[in-house]
Amino acid sequence: MITCPNCAHSNPDGAVNCEACFTPLPIVKSVQCPSCNATVLSDAKFCGHCGFNLSTSKVGSHPLEVNLGSDPHDPSPTVNLSTEVIPVIPISNDMSNSLPDETTESNAAANLAANSPELQIVPNMYEEGLVVAVEPSTTPVSIPANIPASLSAKTQLQQFAASLLHVQTDLTIEIPPHLPVIHIGKPNTLIPPDIDVSGFPDSDIVSRIHADIRAEGGSFYFEDTGSSNGSYINNLPLAVGNRHKLRAGDRISLGKGDKVSFIFQLNS
Amino acid sequence: MSVNLTCKLNDHHLDRHQGSSQRQLAIAVSASSASNSCNAPLNLCLVLDHSGSMGGQPLEMVKRAAQDLVDQMYPQDRVSVIGFDHKAKVVVENQLVERITSIKEKIQSLKASGGTCIDEGIKMGLQETSKGKDGTVSQLFVLTDGENEHGDNERCFQFSRLATEYNMTLHSLGFGDSWNQDVLERIADAGGGAMAYIPSPEAAGAEFQKLLKRVQAISLTNAYLILQLAPHVRLAELKPIAQVAPDTIELSYQTEGDAIIVRLGDLMTDVERVVLVNLYISPASYIASCQDSPEIPILSAQVRYDIPSQGQINTLSPSVAISAELVQELHPQVDPQVQNYVLALAKYRQTQLAEQKLQEGDRSGAATMLQSAAKTALQMGDQNASTILQNNATRLQSGTLLSEADRKKTRIASKTVLQTPNEPNA
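Chains as they are written, first to last, in the working numbering: chain A, 6 to 273; chain B, 723 to 1148.
With the rest of the complex left out, here is chain B:
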């Protein structure tokens, strides 16, 4: 019923004479495990692409994975399934996970044919999910294998954002190699959820299970981080706030009065969401107003959240304040954990810049950025990402094009810390 909120600066010493110092603040938020015992029921909606390209083994494995998912759910959970091609239809209506056999039969009835209109699928998914959203943790898994040929990507992002306003979270799963990683990433980011990559049909089951475990750990929803900055502190101009763990997501923020509000979304028990805030602090101006203070306050942070299992909304956590120490002579002392978060964000940003350059046609620039991203990954100990990024950089430099599978892997590598695969070189 409560949150764990901790703040840490990357270097909590500040030179008292400097006009402006840059610091990064890592804010870690999670639901405390005391509330795990009575988690709210899950309200899961699967939005599955059954376009013609999914024919044969792909669709069969996806159906199997969906059916396995239903097996892992609890009787008080709700489930619904939407199938879409260029139109959407409800395959399993929003219902409690009771008549499992009939649910599985309906899933089995999906056939592969037609085009792809993702926004129709999402729209119907939202409609179906909202039928059971009171008092539940509402989540949508949107799976597609291709481009949104018959649909409009902008509508997808709008629906995704709309979902969060109704306290529903969208996750996107890309199946195979023909989907657009930019579109699916934006859908996941806008919907407050994760992005997953299913490289081959066999991997579908594992990815579904991974995502299910994650959403089953959610106990608090609709979380917002509220920051009050001290007067001599300001946010950096370019993208000052971003989530760095478990996935890297650029966050937008609103100002209400002198408070900064950032939407976090769902909070899982004991899996932390870490947000990195890039700040500029002016010790000189602080000293001018109140000299001789050894400490300088930076900001105070608070979380506002809903507790679905208790039907409570807009609960406020106690406020946590963080300050820095003023010293005469600065000897940089960087906190290794915060430094790791900074590197995670650096890896993501550098890979994104490389993608941008690639799209502009600057191959050598993209290769250089990928190399620095690979170095960053190595510095933070993410060997898998480093290998992938370095391979891509080398291929770009030697003049070969990156395959679609490579680009998906790169996007996932930049966004998350990859787990060691069970099989060698998946």
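Chain A with its partners taken away, still in its complex shape:
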């Protein structure tokens, strides 16, 4: 189904001109996401299902191969584990460009090393200075063997924590870590908000049930849940129901005109 950019009529595949208004439709073919095999459009940058970065997968596939080939055995990075429990922030910043995480075995690991508790992958990244993840075939095989050796008392699952920095007042709001869904809005009887913005200036532009942030497998997804004035990510409108995967530094604006805005930040 190809949606016409002009009149929003859904056309069957293979259409070159919109059936309703005859504007030329962008010709996009469907390709498969290398990470999760879902069908995505060829001009998409990120896979809508797993967040795989499609643009670097095309660019970085070569260096990926090469580096893995020359990758020293996994034991060596894991030895460094104790010393490099990891400044998550620098890595997450690098990581924020990409991350094809493809462990088909463990979906948890697949969702983003930026916040990923899988230490094994992280040091590899750090080691190689590479921003792309490791091939699935290598990591699961070697890592489990190394886990007993590497896991010391110090290693713990990293608590991913994130916060929202309110731009207009420079206040930081912590995103409660234990909640799967965090509702953003103003006091109401239907879905009381976990983050209540009614105290901020210009909050009348924000709906009572405006948006929510979900935490799944180490990543945060922002979704507008039917607000009157809409939500914007980095000043681009986010349609209702579309979940946007948040990266550090994303600007979330509630309502038009950038009156109530937050910067999504990851803590260490």
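Derived from the structure by calculation, the hints contain no laboratory data. Among these hints, one or two may not hold up.
Stated by the list, open to error - One side only, chain A facing chain B, incomplete, derived with CB under 7 angstroms:
1) Thr-8
2) Cys-9
3) Pro-10
4) Ala-20
5) Val-21
6) Ala-25
7) Cys-26
8) Phe-27
9) Asp-199
10) Asp-201
To be verified - Distance condition first, Cα-Cα at most 20 angstroms in a straight line; then the derived SDA-like pairs of lysine to any residue:
11) B:Lys-932 x B:Ile-948
12) A:Lys-261 x B:Asp-1084
13) B:Lys-961 x B:Tyr-946
14) A:Lys-261 x A:Leu-243
15) B:Lys-961 x A:Ser-15
16) B:Lys-961 x B:Lys-1079
17) B:Lys-961 x A:Gly-19
18) B:Lys-1097 x A:Pro-31
19) B:Lys-961 x A:Asp-18
Unchecked claim - Footprint (simulated), chain A over chain B, 3 or more residues, beta carbon under 8 angstroms:
20) 736-742
21) 958-969
22) 1020-1032
Predicted, not measured: the structure shown is a model, and the values here were computed from it. Ideal Cβ positions, reconstructed from N, Cα and C, are used throughout, including at glycine.
Chain A is already provided as a structure; the job is to place chain B on it using the hints.
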């Protein structure tokens, strides 16, 4: 006595591996000029609104225009005139164009008063016209200046459709600025005829003459286009068939067995009616059944028509088949003429969508659609339409309402390719 039938695809190359490809097919039909020498006589009926709002100069100019029309007709033609306000009456009975003076006197006797009931006028017009419809080209010109206050619009459309079943064509003329362009467009579309806009009384004469010239070129009537699609070809779901030249009209179709029948109506000599068909072709499924063929058949087209001058009905033209070429790698090569037709349809559809949005109250959406319609008009070289549409878009965006005259002009601009006006900025 015969038709010219040509078919052209917008891109006659098809990628052999693709599951489903969309193509537009332009089918041009006209009567061949050989038959011009003995055209059937015209049977013209003027259905004129003489409601109170037409008082003074408007009605006088319309009467003058009607009288001039009678002067241009031939002795073997027939004419009748109906005057309507909230009731209809026969002003000139259906007769040969012989006693011209008496006909003109009767037209002159029309006086302006009363309300407006268009369906009564059309009904009486149909009755009067059918008295002379054998062996003639029957046409009705319905002129009104206002809304159908005392009448029922649905009845108007029904009468219009009924007329086509009796092989009579209805054209609608909107006089001034107070008429409803949606109603008149539907009357013209249902009646298989054209819609004209008379912005001021002085323009009445010219518009009548233009329409007369058009109907005088008709030599074949009751034409139907019969299409047989190949098995791996299907029509698009939404409004697949539309006429794009000389006016843009959305066409409905019927299926008889595995043939698709589209009513075309009258065929003029050497003025083509072009129908655009939106198709989906699946080369992959065709190859599965008969591989290694370099060509893939798309459809065959035929026209069924009447020849009034010879009293013949249901003549079939020879069938024309069209096929496309299968290639390994598709390099799009669009035929410019078909592309122009596609743009004409796009211009109409986009303007209609803008009208819809305006009626729903979405002004910004309507302005956006009008802008894309203006761009489309520019792409096809229709400068006048582009200017009108762009002006409307700008006015909408700045918050002003569109005047009634603007909306009529927009409707005409979307439906036809405007001729360059003789005076600057009519």
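Under 7 angstroms, Cβ to Cβ, is where Ala-25 of chain A needs to be relative to chain B, so tell me if that hint holds or is violated.
6 angstroms, holds
Is the interface hint for Val-21 of chain A satisfied, with its Cβ closer than 7 angstroms to some Cβ of chain B?
5 angstroms, holds
Holds or violated: is there a CB of chain B closer than 7 angstroms to the CB of Cys-9 of chain A?
10 angstroms, violated
Lys-261 of chain A and Leu-243 of chain A: Cα distance at most 20 angstroms?
11 angstroms, holds
Restraint check for Lys-961 of chain B with Tyr-946 of chain B, where alpha carbons must lie at most 20 angstroms apart:
Satisfied, since the Cα-Cα distance of roughly 18 angstroms is no more than 20 angstroms.
Given a cut of 7 angstroms on the nearest C-beta pair, is the interface hint for Asp-199 of chain A held or broken against chain B?
35 angstroms, violated
Let's test the interface hint: is any C-beta of chain B closer than 7 angstroms to that of Asp-201 of chain A?
33 angstroms, violated
Does Ser-15 of chain A lie within 20 angstroms of Lys-961 of chain B when you go C-alpha to C-alpha?
It holds: about 14 angstroms lies between the C-alpha atoms, which stays within 20 angstroms.
Are the Cα positions of Lys-961 of chain B and Asp-18 of chain A separated by 20 angstroms at most?
Between Lys-961 of chain B and Asp-18 of chain A the Cα gap is close to 17 angstroms, so the pair holds against 20 angstroms.
So, as I understand it, the hint says Cys-26 of chain A touches chain B; can you test that by seeing if any CB pair is closer than 7 angstroms?
5 angstroms, holds
Residue count check for the segment 736-742 of chain B against chain A: does it reach three with CB-CB under 8 angstroms?
Since 3 is at least three, the answer is holds.
Compare the distance between the alpha carbons of Lys-961 of chain B and Lys-1079 of chain B with 20 angstroms, and conclude whether the hinted pair is satisfied.
This hinted pair holds, its Cα atoms lying about 19 angstroms apart.
When held up to the earlier numbered hints, the structure conflicts with 1, 2, 3, 9, 10, 11, 22 and fits the remainder.
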